[in-house]
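Chemist: If you want the building blocks of each chain, they are given just below.
There are 4 protein chains.
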Amino acid sequence: MAIVLGPNRYGKAETRVVRVSRDGATHHLRDLNVSISLSGDMDAVHLTGDNAAVLPTDSQKNTVFAFARKHGIGEIEDFGLLLARHFVASQPTIRHARVEIAEYAWERQGPHSFVRSGREVRTALVHSDGPGGRESVVSGLTDLVVLNSTGSEFHGFIRDEYTTLEPTRDRILATSVTARWRHRSTDAAWGRSYERARRCLLEAFAGTHSLSLQQTLYQMGRHVLAECGEICEVRLSMPNRHHFAVDLAPFGMDNDNEVFFAADRPYGLIEGTVLDDAVPTAPGAWS
Amino acid sequence: MAIVLGPNRYGKAETRVVRVSRDGATHHLRDLNVSISLSGDMDAVHLTGDNAAVLPTDSQKNTVFAFARKHGIGEIEDFGLLLARHFVASQPTIRHARVEIAEYAWERQGPHSFVRSGREVRTALVHSDGPGGRESVVSGLTDLVVLNSTGSEFHGFIRDEYTTLEPTRDRILATSVTARWRHRSTDAAWGRSYERARRCLLEAFAGTHSLSLQQTLYQMGRHVLAECGEICEVRLSMPNRHHFAVDLAPFGMDNDNEVFFAADRPYGLIEGTVLDDAVPTAPGAWS
Amino acid sequence: MAIVLGPNRYGKAETRVVRVSRDGATHHLRDLNVSISLSGDMDAVHLTGDNAAVLPTDSQKNTVFAFARKHGIGEIEDFGLLLARHFVASQPTIRHARVEIAEYAWERQGPHSFVRSGREVRTALVHSDGPGGRESVVSGLTDLVVLNSTGSEFHGFIRDEYTTLEPTRDRILATSVTARWRHRSTDAAWGRSYERARRCLLEAFAGTHSLSLQQTLYQMGRHVLAECGEICEVRLSMPNRHHFAVDLAPFGMDNDNEVFFAADRPYGLIEGTVLDDAVPTAPGAWS
Amino acid sequence: MAIVLGPNRYGKAETRVVRVSRDGATHHLRDLNVSISLSGDMDAVHLTGDNAAVLPTDSQKNTVFAFARKHGIGEIEDFGLLLARHFVASQPTIRHARVEIAEYAWERQGPHSFVRSGREVRTALVHSDGPGGRESVVSGLTDLVVLNSTGSEFHGFIRDEYTTLEPTRDRILATSVTARWRHRSTDAAWGRSYERARRCLLEAFAGTHSLSLQQTLYQMGRHVLAECGEICEVRLSMPNRHHFAVDLAPFGMDNDNEVFFAADRPYGLIEGTVLDDAVPTAPGAWS
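Chains as they are written, first to last, in full-length UniProt numbering: chain A, 1 to 287; chain B, 1 to 287; chain C, 1 to 287; chain D, 1 to 287.
The set of hints was computed from the structure by calculation and includes no laboratory data. Computed from a predicted model, the values in this text were never measured in an experiment. Some hints could be false.
All copies of an identical chain are treated as equivalent in the list; a pair is satisfied when it fits inside any one copy or across any two copies.
Here are the simulated EDC-like cross-link-like pairs (lysine to aspartate or glutamate), alpha carbons at most 16 Å apart as the crow flies [stated by the list, open to error]:
hint : residue 1 : residue 2
1    : Lys70     : Glu161
2    : Lys70     : Asp256
3    : Lys70     : Asp254
4    : Lys70     : Asp247
5    : Lys70     : Glu258
6    : Lys70     : Glu107
7    : Lys70     : Asp41
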């Protein structure tokens, strides 16, 4: 047995950069949370504390701000690629860069006034091994909270000795969608692609008469792949936010799926992947 | 010295009730978080554990669900009044009821499909001492996050020995508004009133050329009072979410208020009240 | 009707200051979160944006750091008094100062190495109107999570038409205590007082055979007052963290209070005050 | 191109089970958060909504409670193995089970009275493919917050065009440790192993004169492996919780590492693995 260093990475997480750009009196606003992870020739820093291969995380933060000034912030996928490629290109000791970006949406209230929309958060996860190396772009969203008040059934499941759940032909189906989708290339119309993928997720959620949350999940992924040729793989994580119909019989009332208790924990958690089977998997693109 | 019981109250907090109502194939959805506090003849339960005067918090929760079924959920102010009056009327030991409700907004995606909007949370705080007694309705909102990318100055302030801040003629002004407003009566067009008050807050925030966040706060309260005759007092709590222009000079770049670092803590916190001076204060309405 | 400015205050919230002091090779560590609110002659800043009366919140933050250097950090009550008195004394426009401090506890692991304890957070809330004026000190704690696995009953309560709860002679009683206590003067042995008050809360919680959480709350407050002569009023806020015995009968098992489901929401919320009736109330000390 | 279902799993997350056991008048308390994920022959449920292969997540929750009653809760690793093996053994459609458990520690205050300790959370992640199949146990902890007030340097790093950080010979080093360690087998003295691994992490953090957080991380992993023969791989995730020495020169004061500002975001994030190179990797054990 020898004790050795295994996989490792480091970087500056959660740099909160806000970029204002001016179009005459009209301002535009971008609001990002940028997290960087770098890896490469990092044995010495772990084994002896020799930092000669280490670009400080403080410099990474500075780079985010400087690039926001120099290049502006276009689509977050492009901003992530710009940063990731820079880090790998700039230092021989840095072999791989990972840039994760969350973008918060704002709605315009005036020429230079904005209200945070509070709708889902748009995300991007970019990897680059530099020119000629492996690169990948995964786009996505979190906190897209959706609910169908009918059109959801659950029955025909296994009944073991610990099963007390009654089958149902009508229930609320609610979830907070975290979705990520891998692009076929590192070049796409990111903004239009995002809006299309988001629309597909919502359409499939609303349009699927659901016999299980797994079925809904699969239809959501399938719809994205079918409509978005630039996307080759979709990963979905969907908590089943249980809404229990309250038993009102003790108070002499029926409850035909009108009054529900929205529970916090525990919750079902459904995770699944839908992909084009002609494309090689890329495990490194996702983490 | 005698050790005695002072003010006290108890109740069920954060009952999460979701109400679906059907208009043919079209469903309507309401999503509330209801917290109840009752007080009255509660000496015995504290001093000896005699529960004869205590309506269990579990029964209060049941009442929320049963009332949602029996009466439906109209405006949250009305639902709060209904509950508060019920508790005081139903038990002689309960003299005062306080009902606090938060409502989460959903946007329609289909006849029975919804997306949580994520915009601000609407609130109501109702007190009732029962028929003939004191009653009050305070409406409000939380988590209304707004930002002006220009039109904000800060200068002419005190400079003491610990002051290093430079005056500025142009900065980002950003805050997460918590606003509450007291109504003159317990009868109003709550929904229209809410939309009008919300619009006034946004208009005044966007429209005020600000020399200080206090000035903006006052204009927001003033605009609500001026436009909403049914409202007699507005209380605002507004954290100053600092956005610091990043010094890019070390990288040979200027930064004419284009790139900002959005800080978490510490933050300024501005709290203030704007009111009609002809109306008596009502401290009990707010807590 | 005239629209006027009502009560208001402003300040820097949540300045996170960590103070290291050296005793040879042995270091001592203090870790605080300090929030300041000032009020006084602030009409102009609200009405016209004239900041001549305003000490910037940035200067308040600087003062926290400078005072930590100059005076060190003794007990948080004293540090709060020092800051509050300074602000009122330093500027004629500032008439009232409120300083709220939370302290995070660390346990020693070595001469200069520490582990955050994670036990409750100690708090202080200080008001000062300056020399000769009103002053008050409220100490306290939050997040003291306690549980009795027996010795708690609940029965004899009101049964109305919405009551389905069964009376019980044995249940889990669990809560997260937020306690605050007002001191008779602004001079006390704060550290010893804190440890004594904390011990009293724990002793009374553990030692009370409880017929209701209200009874337990009262005994906790009473024990603090009886043992701590320097304290004249205790306010407690205690959520009833419900632990429901799981019905295992469907699986052919009994459950004699052995297996519980710990619920999140809704929860009971019990709030109450215990005080020395010979001492005038001081509503301004608490908010 | 064919759109197909890829990797997927489902289960009940965050079942909060509390178990009381009685030793005469003395009670013992265990407080867990249990999350289950199952996978296997789940094509049909995704493609058509046929639930014939699906054990409801509600039944999984019931199983947690029933097993807590039937078997008691020993070490969380054993409880996880018991559950994981049960699910795979009980249904032919379930091929793989993953059980993740977090345990909250309580300190005794009396025979049946407890205070939540608030120290770190102990974790276990168990996989089982059933008898004869792959099994793994990963133990760990989260929220172990540690700080060294000296004995940390950072210099000799890369200086690129975006580097403004000054090298330092003395700084605070603080982090919130998330550690997980893989066991060589599924049979160990889990409780003693946990205490030893925890002690090793603390000892190495306190005892390493650090030239970089990476060096400290490696020493922590190394110390666990060297002292705990039952462990073959350690993964650590350690945010660098920056504490910045405040510049007090504007106030005529020096600051010899006495007064610090504890920042929230951004933060460095250091992730690394230390392992016995003679043992095959087991990527499936960790996710």
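Chemist: Taking the earlier hints as the rules, which of them does this structure contradict?
Modeler: 6 and 7
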